[in-house]
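Residue numbers (our numbering), protein chains in the order written: chain G, 1 to 359; chain V, 1 to 281.
FYI, nobody ran anything at the bench for these hints, they're computed from the structure.
Backbone N, C-alpha and C define an ideal beta-carbon position, used for all residues, glycine too.
Computed cross-link-like contacts, BS3-like style, restricted to lysine-lysine with a CA-CA straight-line distance of at most 30 Å: (1) V:LYS112 / G:LYS172; (2) V:LYS116 / G:LYS346; (3) G:LYS341 / V:LYS191; (4) V:LYS116 / G:LYS86; (5) V:LYS112 / G:LYS341; (6) V:LYS111 / G:LYS346; (7) V:LYS187 / G:LYS79; (8) G:LYS271 / G:LYS152; (9) G:LYS271 / G:LYS143; (10) G:LYS237 / V:LYS215; (11) G:LYS271 / V:LYS116; (12) G:LYS346 / V:LYS97; (13) G:LYS152 / V:LYS116; (14) V:LYS111 / G:LYS271; (15) G:LYS341 / V:LYS187; (16) G:LYS341 / V:LYS116; (17) G:LYS346 / V:LYS112; (18) V:LYS103 / V:LYS141; (19) G:LYS172 / V:LYS116; (20) G:LYS172 / V:LYS111; (21) V:LYS101 / G:LYS346; (22) G:LYS79 / V:LYS191; (23) V:LYS112 / G:LYS79; (24) V:LYS103 / G:LYS346; (25) G:LYS346 / V:LYS187; (26) G:LYS79 / V:LYS111; (27) G:LYS341 / V:LYS101; (28) V:LYS111 / G:LYS152; (29) V:LYS111 / G:LYS341; (30) V:LYS103 / G:LYS341; (31) G:LYS79 / V:LYS116; (32) V:LYS116 / V:LYS48; (33) V:LYS112 / G:LYS271.
Here are a few chain V residues that sit away from chain G, every Cβ distance over 10 Å (derived from the structure): (34) VAL39; (35) ASP53; (36) GLY117; (37) GLU135; (38) GLN139; (39) PHE166.
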Amino acid sequence: MHDVAAETVKFIDLNTANILFLVIVGFIGGLVSGFIGSGGAFVLTPGMMSLGVPGTVAVASNMCHKFPKAMVGAYKRFKYGQVDIKLGLVMAASAGGGVWVGINIQQWILNQWGEAGSNLYVSLSFVIILVVVGGYVFYDAWKTARTGGEEKVCALAQWLQSINLPPMMHFKTANIRISMWFTLPIGFATGMLAATIAVGGFIGVPGMIYVLGVSGLVASASELVIAFVMGFGGSIKWAMSGMVDIRLTLLILAGSLFGVQLGAIGTTYVKEHMIKVVMGSIMLIVAVSRALAIPTYLKDLELITVADSTNKTLMTASFLSMCFALGMGALIILGAMWRAKRAEAKEAAVALEKSYGKV
Amino acid sequence: MMSFMKKIQEKEKARQQEALREGNVRTPEGREAVTKDEVSRKILVVGKGETLDAEAIDYAVNLAERLGYDIIALSVNPTLGSKGRVFSPYKQLLREKFTQKAKAAGESLQKKLALKGINVEQLVKFGDVGQAVAEVNRQMKRIEFVITQDGVKETEVSGEINLPVFSITGYQGERTMAKAADSSRTKMIGKTVGLGLAAAALYAAVFLNTDTVMKYFTKGAWYAALPVATVFIFSFVHGAFASQFWSLMGIEATKKAQPRPTAAKRPVARKRPRPQLRIDT
Chain G
1 MHDVAAETVK
11 FIDLNTANIL
21 FLVIVGFIGG
31 LVSGFIGSGG
41 AFVLTPGMMS
51 LGVPGTVAVA
61 SNMCHKFPKA
71 MVGAYKRFKY
81 GQVDIKLGLV
91 MAASAGGGVW
101 VGINIQQWIL
111 NQWGEAGSNL
121 YVSLSFVIIL
131 VVVGGYVFYD
141 AWKTARTGGE
151 EKVCALAQWL
161 QSINLPPMMH
171 FKTANIRISM
181 WFTLPIGFAT
191 GMLAATIAVG
201 GFIGVPGMIY
211 VLGVSGLVAS
221 ASELVIAFVM
231 GFGGSIKWAM
241 SGMVDIRLTL
251 LILAGSLFGV
261 QLGAIGTTYV
271 KEHMIKVVMG
281 SIMLIVAVSR
291 ALAIPTYLKD
301 LELITVADST
311 NKTLMTASFL
321 SMCFALGMGA
331 LIILGAMWRA
341 KRAEAKEAAV
351 ALEKSYGKV
Chain V
1 MMSFMKKIQE
11 KEKARQQEAL
21 REGNVRTPEG
31 REAVTKDEVS
41 RKILVVGKGE
51 TLDAEAIDYA
61 VNLAERLGYD
71 IIALSVNPTL
81 GSKGRVFSPY
91 KQLLREKFTQ
101 KAKAAGESLQ
111 KKLALKGINV
121 EQLVKFGDVG
131 QAVAEVNRQM
141 KRIEFVITQD
151 GVKETEVSGE
161 INLPVFSITG
171 YQGERTMAKA
181 ADSSRTKMIG
191 KTVGLGLAAA
201 ALYAAVFLNT
211 DTVMKYFTKG
221 AWYAALPVAT
231 VFIFSFVHGA
241 FASQFWSLMG
251 IEATKKAQPR
261 PTAAKRPVAR
271 KRPRPQLRID
281 T
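Start from the sequences, fold in the hints, and give me the full structure.
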């Protein structure tokens with residue numbers, strides 16, 4: 001591993017613009033992941049690469065910032081009674097297997113079709129999974145919002161919970177009792193997606209909500225536990241090959257630890273389906289962004305021909321729409337928090353007036 | 001043989017009818033009816049201020065929870081009693097204010113204890129404490145015992161009623177609470193600044209020595225412990241700072257949206273059949 005490290009690792013010089021970029025994106029990414037359980041990585045990794053950081057270093061440094069961030073977020077949300085630690089650990093255990101399989105598939109594709117093939121595979125899985133799952137999450141959130149914000153356990157989850165297939169597990173905070181066998185594939189898929197597109201939560205959180213029947217609040221909070229376990233394991237692996245640029249990691253952390261706590265606080269203000277709204281919209285925009293990048297990879301594989309200028313425009317548009325996805329998520333969260341806080345202040349003022357107005 | 005059985009049955013019937021006439025129901029159905037519309041047992045907490053001491057209330061709440069009782073909080077103001085002039089607008093105003101504050105305190109207590117399944121009723125009386133307690137004891141059914149808080153003497157209360165009276169004394173809790181509220185803001189600012197400085201120092205330590213840090217942190221193998229340990233330390237210090245910072249900014253979790261424990265189920269009251277005198281015939 002050492003010679004590989006020596007070959008590829010060219011740690012960049014930091015200037016003010018770079019530092020500001022990392023801190024600000026760290027903050028916004030942290031805000032989103034504190035709220036929906038994951039996110040931020042999909043902008044940070046390409047963002048760092050655009051600063052000139054080699055791909056592996058970008059992935060490694062990003063992962064090394066992910067687990068402490070998830071830890072701080074999980075702790076905060078645990079205090080609000082939203083984290084089901086057992087659920088998180090069970091899912092994380094099976095996610096480990098998913099990561100392993102995901103990495104092997106990646107490697108196999110890399111050997112078969114080279115880097116462009118690997119990129120294409122990543123982008124295609126992005127687009128397919130995000131459109132299907134993100135679309136459903138968004139549809140569900142929209143439906144919930146229309147029917148007055150009451151979350152219902154979907155029929156699939158109710159059916160699976162009724163099947164008595166030992167070993168049955170009871171998750172106290174999530175308040176569900178379900179066979180262990182149904183949690184395994186969700187965790188596995190989370191790990192596999194994490195290994196492929198670096199954001200396992202896009203499968204993990206909807207999986208917990210729609211397959212296991214966990215509420216959005218508990219699912220997104222427990223996802224932070226999964227993110228911590230996976231990020232911790234991944235960081236050790238990357239650090240052992242010397243790929244972590246601690247400066248980048250610490251700069252991102254400077255922003256993201258503020259963000260993740262604000263996001264966690266935000267969950268206590270908003271209606272539960274807001275988590276699904278944010279998640280669904282981010283997933284759909286990211287899907288568009290990845291779809292924009294597909295022609296480039298197809299060209300690299302010499303399957304189609306694209307003019308260089310078009311190619312460049314597409315890649316820029318792809319990155320910008322990613323930033324837009326993250327920024328919009330952050331705006332929705334902050335907006336919802338702002339409205340909820342204002343409404344609360346108003347209510348408190350009215351109550352005060354009622355109680356002391358007569359004197 | 002048959003006639004003997006009949007005789008016994010007749011005798012039993014007559015006995016029952018007699019009992020019914022005396023209003024002394026002995027049938028199992030009758031006994032059931034008595035226990036069903038049972039009024040809940042209560043603890044009466046008495047204090048002389050608008051709000052009751054935390055000690056007395058805590059003690060009563062713990063007891064009520066264990067025993068499945070309800071609580072009556074009684075605020076008595078002896079100085080605003082009806083002695084002297086019968087109608088005084090100023091006194092009336094003071095009384096109103098007192099009542100309002102007491103009721104507000106009672107309401108907030110009621111809200112808190114609703115989760116535990118304990119009912120709280122706040123009553124306000126003016127005048128002599130003993131008389132007030134006696135009055136309440138007449139109005140409310142099944143007050144089992146009385147808890148008096150600091151400032152109310154046991155002898156003041158126990159003279160008028162036939163109930164056990166316990167007094168809870170001690171200023172400690174109130175004093176420390178008041179102190180904590182006064183200095184909490186200053187303390188919070190101090191803590192935030194301290195943590196901020198600590199986080200800044202950590203960042204300075206790394207970024208002023210980037211060359212050395214990068215040399216060792218990227219060596220790989222066992223040196224992997226260095227970056228991992230570093231991010232842990234940073235996340236503790238900087239995370240605590242960020243948390244304090246948001247609290248100081250007034251951005252904190254709202255209590256409204258937090259998942260609330262549903263009202264605890266009170267254990268079903270055990271039936272305690274009263275011993276009854278029965279004469280075998």
